[in-house]
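Those protein sequences? They're chains A and B, same order as listed.
When we follow the working numbering, the leftmost residue of the first sequence carries the number 1, and every step to the right adds one.
When we follow the working numbering, the leftmost residue of the second sequence carries the number 1001, and every step to the right adds one.
Wrong hints could be hidden among the right ones.
As the list claims (entries may be wrong) - Here are the simulated distance ranges between beta carbons: (1) A/Ala24 <-> B/Glu1032: 55 to 61 Å; (2) A/Leu265 <-> B/Ala1116: 34 to 40 Å; (3) B/Gly1060 <-> A/Arg38: 29 to 35 Å; (4) B/Ala1116 <-> A/Gly140: 28 to 34 Å; (5) A/Arg130 <-> B/Asp1034: 55 to 61 Å; (6) A/Arg76 <-> B/Glu1032: 36 to 42 Å; (7) A/Glu113 <-> B/Asn1040: 29 to 35 Å; (8) B/Gln1135 <-> A/Asp219: 55 to 61 Å; (9) B/Val1094 <-> A/Asp260: 50 to 56 Å; (10) B/Ala1116 <-> A/Arg102: 31 to 37 Å; (11) A/Gly169 <-> B/Asp1034: 34 to 40 Å; (12) A/Thr222 <-> B/Gly1036: 16 to 22 Å.
Hint data in this document are derived by calculation from the structure and do not stem from the laboratory.
Don't be surprised by glycine CBs; every beta carbon is placed ideally from N, CA and C.
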Amino acid sequence: MPASLRELRQRRKSVAATQKITRAMELIAASRIIKAQRAAQAGEPFITELIRAVSAVATYSRDPHPLTHGVPKVRRAAMLVITSDRGMNGAYSANAIKTAARLRERLEREGVEVVRYAVGRKGIAYMKFRKLAIRRSWEGFSDAPTFQHAEDIADALIDDFLRPYEEGGVDAIYGVYTRMNSMINQEVRARRLLPLEIVEGVHEPSEGELLPLYEFEPDPETVLDTLLPMYVRSRVWFYLLQSSASQLASQQRAMKSATDNAKQLIERLTREANQARQAEITQEISEIVGGASALADAAAQD
Amino acid sequence: MAEGERLFVDVVAADRRVWEGEAISVIARTTEGDIGIMANHEPLLAVLVPCAAEILTADGKREVLAVDGGFISVADNRVSILSQYGRLAHEILVEEAERERRAAWKRMNEGDNTEATRQHFNRAHAQLAAAKKAQQAQAS
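Isolated chain B, as found in the complex:
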């Protein structure tokens, strides 16, 4: 990678733009496993699984965000992450996410195996993971 080259990252949820800016690298989890993207990555379109994605911003900070599926597209040093309910880690209310996860888990245990419930669980789970990751990042 040539020195000083940057990625332009755009994270969008259905109802708003969650984050945009320059970054050095992006890490997210696709259906095939974790993927790291730096400048001059080949064009890519990948399906994401619910996870905590990480962006290493141009000013050296780390942004963690919860992704509930969706996909990532890369072309010409432009990365866009689309996730219907994407959120930044520091926007997540841990107690609320925990409560939502428990509620969804309970519904699943009671035999409710609909797509909506699974999505609900995955979303809450990803949010918790992101919050935890962000805390670790701060502590270290």
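Just chain A, same shape as in the assembly:
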């Protein structure tokens, strides 16, 4: 049963207005994603160099350092979850939250207490709504983070890492972020930040191979002490950059499909409206014809 013509036209108009908004948001995301990707690329040399240096020290210095070796049994772990500040980006935040929940379950099965650190209003709202304790949270920069933000977050994490367990410190740090593989493929990842899990880019020295003997100034321990906070900062920075690029990419995709859906809806509503209009006209005509023939019949009988 076709709805009234006026109602259909009204609905079409409102869908068209929504389409304009989603289209605008799609375009905004598309233009900002280039900037976010460029920032992610610009930050890469720093991270590569740091990883190279950290792996050099970690491999060549024999002294165990709290940041590289950690405690034998992890009792409490920090979990940093990066989500977005606003919606309109499909399942981006939901995916990160889901992965974080899985990580937490796994850790808790192993008897590890999990302390939450949240970045982005969506994640904070999710945890607050479920009355989950958050130790620290940051918001307001999910689509354009700066190094200063990464520094704040990393320093808070390192502070807790260096504090003894009895005073609320953590034994390990995990990060959940969304990696930007390409414009159409983003993947949520959960990684251990500290203690160092895998040392990337360094192959195990084989028997009898000569290693470059690094000279440390002033000594390996001090070098590690300065290196590792920088490493954590750069990692957090990397997570933020990747997440912001992913966020914009999934926003663009979500908004594109919203615009497409609106277009289909408008087409359908237009067709229905035309049909309703046509039906109205047909009915009117048949009424007139019916009326006229009734009059003619009446006249003929006279």
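For chain A, the structure is supplied; the task is to place chain B on it using the hints.
Frame of chain A, contents of chain B only:
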């Protein structure tokens, strides 16, 4: 040093690559004091203090850059300087650095002795030193 051997130098800040290219020597200040690096230097990893580092480039020019700590690593004639807020001397706005240094100094005098403020001061100080050094280099 064998003639014609060059160092490959890479200076990176947190958000970008500041400078890269071939160089004859690099001078920077570590926690132990100034250090000069030429080709075939032994592998080294050293902690830097805020300073004005110098690179003598392969084409005979001198690049001065402000470093706010970080570290330098040398291996296989490859030198990388990592500094979170590293900058080239000619990119530095002297007035701005001066203003930042004064602001940080004032905060420190008012009893604010946090890590962040000290870092702020050191960064501005290193930038000013680098700018001055670059000017001297040009004048001479």
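Hint check results:
The beta-carbon spacing between A/Ala24 and B/Glu1032, approximately 58 Å, falls within the hinted interval of 55 to 61 Å. At about 52 Å, the beta-carbon gap between A/Leu265 and B/Ala1116 misses the expected band of 34 to 40 Å. Evaluation of the 29 to 35 Å hint for B/Gly1060 and A/Arg38 yields a pass: the beta carbon distance comes to about 33 Å. At roughly 19 Å, the beta-carbon separation of B/Ala1116 and A/Gly140 lies outside the given 28 to 34 Å, and the hint is violated.
Range check, A/Arg130 to B/Asp1034: about 56 Å between beta-carbon atoms, so the 55 to 61 Å window is met. For the pair A/Arg76 and B/Glu1032, the beta carbons lie near 38 Å from each other, so the given range of 36 to 42 Å is met. At roughly 52 Å, the beta-carbon separation of A/Glu113 and B/Asn1040 lies outside the given 29 to 35 Å, and the hint is violated. The hinted window of 55 to 61 Å between B/Gln1135 and A/Asp219 is violated, with their beta carbons roughly 36 Å apart.
The hinted window of 50 to 56 Å between B/Val1094 and A/Asp260 holds, with their beta carbons roughly 54 Å apart. The beta-carbon spacing between B/Ala1116 and A/Arg102, approximately 36 Å, falls within the hinted interval of 31 to 37 Å. The hinted window of 34 to 40 Å between A/Gly169 and B/Asp1034 holds, with their beta carbons roughly 38 Å apart. As the Cβ distance of A/Thr222 to B/Gly1036 is approximately 21 Å, the hint placing it in 16 to 22 Å holds.
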